[in-house]
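Engineer: Sequence:
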Amino acid sequence: MLQMKVPPMLLLVLCYTLVYLQSRQIYFSFTALLLISSSSALMLAATFQFKLNQTSPNPINTQRVSNIIQTGAFKLSRNPIYLGAFIFLLSSAFVFRTVFGFFVSVLFSLFLTQFQIKPEEAFLKGKFGKEYEDYCQRVRRWL
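Numbering (my numbering), first residue to last: 1 to 143.
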C-alpha cells in the first residue's frame, strides 16, 4: 500500500474544481482545446496499455501489478497517465485565463511526485529489481 490515500484522478478533479471556483470567465482557446484533447488521449492510451498487458492500473493498491509496461506511451514517460493529468490540469490556466491554474498545476505535479510516484517507484524497484532499474535508466519519470 502506498502513502497516498487520495486517488490521483480524484486529486486532479479537486484541483481542477479549485481553479474553476476561483475563475471569473471561461475561454476555450485553441491552446486549451489542444491541451485537453491531447492529455485525454494520452491518459486513455496509457490506460489501454494496462489492459493490453493484463496488469492493474490501480495506483492505490499495487499488489495486483504483474509486469512493467514498456510499450506505447510508456516508452516516452514512466508515468503517462500522471503526465496526462498534469497537462489536463495545466489546460485550466488557459480555459479559465488564470495564472492560478499554472500554480495549481505545478503544486499538483510536485505533490503527486512526492506522495504517489516516488512510493510507486520504490515498490516497483522492490518487486522487479534490475528490470525496473534498467527501464528507469531508459525512460524519464515525466517526459
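Hints are computed from structural coordinates only; laboratory data are not their basis. All values reported here derive from a predicted model rather than from experimental measurement. Among the hints, erroneous ones may be present.
Calculated cross-link-like contacts (lysine to aspartate or glutamate; reagent style EDC-like; alpha-carbon spacing at most 16 Å) [said to hold, decoys possible]: (1) Lys75 / Glu131; (2) Lys51 / Glu131; (3) Lys118 / Glu133; (4) Lys51 / Glu133.
Derived CB-CB ranges, DEER-like [as the list claims (entries may be wrong)]: (5) Leu33 / Arg64: 34 to 40 Å; (6) Ser38 / Phe103: 19 to 25 Å; (7) Ala122 / Leu76: 30 to 36 Å.
Ideal placement from N, C-alpha and C gives every residue a C-beta, glycine not left out.
Engineer: Hint by hint, where does the structure go against what was stated? Just the numbers, ascending.
Structural biologist: Checked against the structure, the hints that fail are numbers 2, 4, 7, while the rest are satisfied.
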